[in-house]
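Start from chain A and add chain B according to the hints.
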Amino acid sequence: MDFCKYDTAGFYDELIGPDGKPRPGAAALVQQINELPQKDLRRRQKAAERVLHQQGITFSVYGDKKGTEKIFPFDILPRIVPARDWEIMERGLKQRIKALNLFIDDIYNDQKILKDNVIPKSLVLSSDCYLKQCVGLKPPQGIWIHITGTDLVRDADGAYYVLEDNLRCPSGISYVLQNRAILKRTFPNAFQTMRTRPVSDYGDHLYETLRHCAPVGVDEPNIIVLTPGIYNSAYYEHSFLAQQMGVTLAQGSDLTVIDGEVKLRTTRGLERVDVIYRRIDDEFLDPKIFRKDSMLGVPGIIDCYRNGTVTLANAPGTGIADDKAVYAYAPQIIKYYLDEDQILANVPTYICNDEKQRSHVLANLESMVVKAVNLSGGYGMLIGPASTKAERDSFAEKIKANPRDYIAQPTLSLSRSPTIVGERIEGRHVDLRPYILYGESIFVLPGGLTRVALTKGSLVVNSSQGGGSKDTWVLGGDERSMKDILSA
Amino acid sequence: MLSRTAYSIYWMSRYLERADNVARFVAVNAHLILDMGIDREQAQWEPLVQASGDDEDFKKRFNAFDEKSVIHFLTFDAKNPNSILSCVRNARENARTLREVISSEMWESINALYHFVDRHSRKRQVDDLQEFFTTVRTANHLFTGLCENTMSHDEGWQFSKIGRLLERADKTARILDVKYFTLLPTPEYVDSPYDKVEWGAVLKSVSGFEMYLKRFHHANYRDVTQFLILDPFLPRAILHCVNAAADALAVIIEMLDVDVPVQNEMGKLKQMLTETDVDVILAGGLHEFVDVFQFNLNVVDDALYKSFFALDSA
Chain A
2 MDFCKYDTAG FYDELIGPDG KPRPGAAALV QQINELPQKD LRRRQKAAER VLHQQGITFS
62 VYGDKKGTEK IFPFDILPRI VPARDWEIME RGLKQRIKAL NLFIDDIYND QKILKDNVIP
122 KSLVLSSDCY LKQCVGLKPP QGIWIHITGT DLVRDADGAY YVLEDNLRCP SGISYVLQNR
182 AILKRTFPNA FQTMRTRPVS DYGDHLYETL RHCAPVGVDE PNIIVLTPGI YNSAYYEHSF
242 LAQQMGVTLA QGSDLTVIDG EVKLRTTRGL ERVDVIYRRI DDEFLDPKIF RKDSMLGVPG
302 IIDCYRNGTV TLANAPGTGI ADDKAVYAYA PQIIKYYLDE DQILANVPTY ICNDEKQRSH
362 VLANLESMVV KAVNLSGGYG MLIGPASTKA ERDSFAEKIK ANPRDYIAQP TLSLSRSPTI
422 VGERIEGRHV DLRPYILYGE SIFVLPGGLT RVALTKGSLV VNSSQGGGSK DTWVLGGDER
482 SMKDILSA
Chain B
-9 MLSRTAYSIY WMSRYLERAD NVARFVAVNA HLILDMGIDR EQAQWEPLVQ ASGDDEDFKK
51 RFNAFDEKSV IHFLTFDAKN PNSILSCVRN ARENARTLRE VISSEMWESI NALYHFVDRH
111 SRKRQVDDLQ EFFTTVRTAN HLFTGLCENT MSHDEGWQFS KIGRLLERAD KTARILDVKY
171 FTLLPTPEYV DSPYDKVEWG AVLKSVSGFE MYLKRFHHAN YRDVTQFLIL DPFLPRAILH
231 CVNAAADALA VIIEMLDVDV PVQNEMGKLK QMLTETDVDV ILAGGLHEFV DVFQFNLNVV
291 DDALYKSFFA LDSA
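Residue numbers (the working numbering), protein chains in the order written: chain A, 2 to 489; chain B, -9 to 304.
Next up, chain A with everything else stripped away, as it sits in the complex (with noise of 0.2 Å):
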C-alpha cells in the first residue's frame, strides 16, 4: 500500500499537492509510507487499534446482546497542518474567542452590541440558548468561554472557514492526547523529521487556565472535573482529563451545597470546591433553576456561582453565542469589539428568520445545508445535494413553520485527507477541531481533533454518523526555532 497510485480527484487534499507531490514539510511522511513493505502499513493499523481495544478505549455497540465493544473507529494516517496555515488559524482563533468573549459578557451585561443595532435585538434575545439567568453575572476575571474547540473545514479554494464555535461543552480532546500517543509509535521517524508540535502538555494548560479564573482570594483552588457519569459517551474523557490533572472527577451525587458554598462529599467529611470544569450541559447542572427533572446536577449550585463561591467552567449561558443564526454575526461581532478584519472567515450564513434570506433559502435547497440554530452533532441537518424530494420537502415545512430555527449554508466542497481504506489510500473528507484555552493568555493547542467521513463521498464527519478520527500534525516549520515554539 502506497502512495503511487493515490488520486485526489480534484478536490483540495490535505497532503498531496495538485501537482502530486506531497505538500511543504510533508515529504518525511509520504517518503516513509511509500518504503513501507507490503502489507507493513495494514499491519499498524491493526496494532493501532489493538493498543485502543487493550486500553478499554471503547462504546458498548447499542443493543448488541453479546456486549460487543468496539474501538472508534481511527485512521493511522495523521492530517497535516503546514507550519504556515496554523500561523493563521492560531491568530484567527485568538483573535475570534477574544471577540465571542466580550460578546456574551456583553449581551447577559449592558447589551452595548444590541442597543448599537449591529445584530437585532429579537434575534439574540429569543433565542433558546439565551439564559435569562445569566443576566448580570460577573464571572471571575471576565472569562466565560474557557474552553473552546472550535470546527473548521477547508474548501475548494484551500481556505479555511468556522464552521461552528462549540463554546459550551466541547469533546474529544482526550482522541486528541491518546490518537498521539499511538502515532508516535506508529511513524516514529516521520514524526521526528518533521517536527510535529507538541500537544501533550494540555493538560497542565487545563489546569493554569482553570486555576486562573478560580473564585477572588483563593489562592491554591479545589478544582473538579464534574461528569454525568459511566453513561455518558464522553465518560471516559473525563477520567482522563481528571487524571491528566490529577485532579477529582465527581458526579452530581458526590456534590452537595451547605452554607452556600459546593462541598465534595469525601471520607473525610464535606471539603469545599471551587472551580468546577463541568462537563455537564447548562440545562442539567441545577434542577432549581434550570431542567427541574435533572437527576445529574446539583441543587443550589447556580446561587453558589452567581455569588461566587465556587467559578464554573465553562459559564452557564454561552451557548448564545453558539446558536448558529447569532454565528452569522461573528465578523460584525469582532468587527464591533475588536476593530479588526475577521482571520478566520464564516461560512456564507442564510438566516431563515429574514424573509429575503428565507425565500433564497427554499428556492436553492437542493444545493444547500440546512441546520437547526441549537443543535450539533450532526444531527437536525439536511445536506441538500444529497437529499431526496420528500426530504426536501418537509425541511421546507420545517422552516416556513419555525424560521427562527434554521440556517442554511452552501455545501462546501470540504477537503481530503489519504485515508486507509481495506488495501488501499484513498482520499477521504476531513474537518479540524483545534481547541482554545482562555485563561491568563488565549492559547490554542497546536494540533487538534481530525474528523474524518469514512464513506466514501460523505461530508458528515461526526462519529454518531459513522466518523473516525486521524492525529492531527502541526508542523514546526524550517524557519521557526525551539525557542519561539516554547515561547509561542
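Since the hints were made in silico from the structure, they are not lab data.
Be careful, since some hints might not be right.
Think about it this way: if two alpha-carbon atoms lie no more than 25 Å apart in a straight line, the pair counts; the simulated SDA-like pairs of lysine to any residue are [stated by the list, open to error]:
#, chain 1, residue 1, chain 2, residue 2
1, B, Lys169, B, Gln34
2, A, Lys185, A, Pro23
3, B, Lys296, A, Pro300
4, B, Lys296, A, Gly230
5, A, Lys71, B, Asn80
6, A, Lys264, B, Tyr295
7, A, Lys185, B, Ser94
8, B, Lys258, B, Leu246
9, A, Lys71, B, Asp108
10, A, Lys185, B, Glu90
11, B, Lys296, A, Ser254
Below, chain B without anything else, positioned relative to chain A:
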C-alpha cells in the same frame, strides 16, 4: 478521597477476589472427582451451590445439580450476580469509574481479564475450563501485585486491601463449608484415606497444602479446621485475613483522623476468632461457626458502608 471512590475501590477488589475464589471452588470439586475415581454421573455438585449461598436462585432456574448446570451457574451465568463472569464484569465497571484514581496498568489488567472471560463464556465443557480457572486466579494475583507496585499506598489502597481480605475470609469459610454439605457415604468414612484426599483437595484450593504439611504433616479434620480458621500466618486463613483487614482499617482511621462505628464491629469480629479454639468450634459444629462468622462479617461490611461510603454521611 470521594466516598463513592472509596466504595468503588473496595468493591473492585472484592469482586476480583470473589471471581478468583469461585474459580478455586469449582476447580477443587473437579479435582476431587478425579482423585476419588467417582463416576461423573455420581459426582456431587450440589454442595458447591449450597456453600455459595445462592441455592435458592439456582433451583429457580435449573432442574438438577448436574455438572454442566452447576459449572455454568458458577462460571458464565450472567443472571447469577456471583458468577465469575458477573464478578469480573462488576470489577471492571467499578474500575471504569476509578480510571483517574488507579494506575493504567491496573485498569488494563482488569480490562484484559474481562475480555478473556467474555471470550471463554461460549465454552461449556469442564475439561476445557481447567486452564480458564487457572488464568482467572493468576489474573487476580497479577492485579494484587499491580496494586502493590503501581498504586500509592494511600487510603484507597487500604480500602482495596480491606475489600480483598474480607472477601477472602468469607470464601475460605465457604470452602470449608463445602465439606459440610458433601454427603458422606458411611460413618466410617471420617479420617479414612478418601477423607484425607478430600481434605487435601480443600487445602489445595486455598493454596495451603504445602504450608499445612510443613506444620501438621498429614491431613485430618481437626488440624485442617484449625489451620484454615485460626492460623495467623497462612494468607488465606480466616484469622490472618481478619487481622490484616483490621490493621488496614486502623491505618485509615489514623490517616483520616475520624471516629467511626466500624472500628468497634471489626474488633468484635477479631475477638470472635481470638477467643475461641478449634475444639470449641468443632464441639459447636463447623457449619454453625461458619454461619455466625458470616453474619458478623456482614455486620462489618455494613458498618464500613455507614462509616465511609454512605453518601449522606458527614
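Hint check:
Taking the CA atoms of B/Lys169 and B/Gln34, the gap is near 11 Å; set against the 25 Å cutoff, the hint holds. Distance check on the hinted pair: A/Lys185 and A/Pro23 sit about 20 Å apart at the alpha-carbon level, within 25 Å; holds. In summary, the hint linking B/Lys296 to A/Pro300 is supported, as the alpha carbons are separated by about 24 Å, within the 25 Å threshold. Simply put, B/Lys296 and A/Gly230 have alpha-carbon atoms about 23 Å apart, close enough for the 25 Å limit, and the pair holds.
Distance check on the hinted pair: A/Lys71 and B/Asn80 sit about 19 Å apart at the alpha-carbon level, within 25 Å; holds. Taking the CA atoms of A/Lys264 and B/Tyr295, the gap is near 20 Å; set against the 25 Å cutoff, the hint holds. Note on A/Lys185 and B/Ser94: the hinted pairing holds, with a Cα-Cα distance of about 19 Å set against a maximum of 25 Å. Only pairs whose Cα atoms come within 25 Å are accepted, and B/Lys258 paired with B/Leu246 is accepted, the gap being roughly 22 Å.
About 14 Å separates the Cα atoms of A/Lys71 and B/Asp108, which keeps this hinted pair within 25 Å; it holds. Taking the CA atoms of A/Lys185 and B/Glu90, the gap is about 23 Å. The hint holds against a cut of 25 Å. The hinted pair formed by B/Lys296 and A/Ser254 meets the criterion: a straight-line CA distance of about 17 Å does not exceed 25 Å.
Going through the hint list in order, the structure satisfies each hint without exception.
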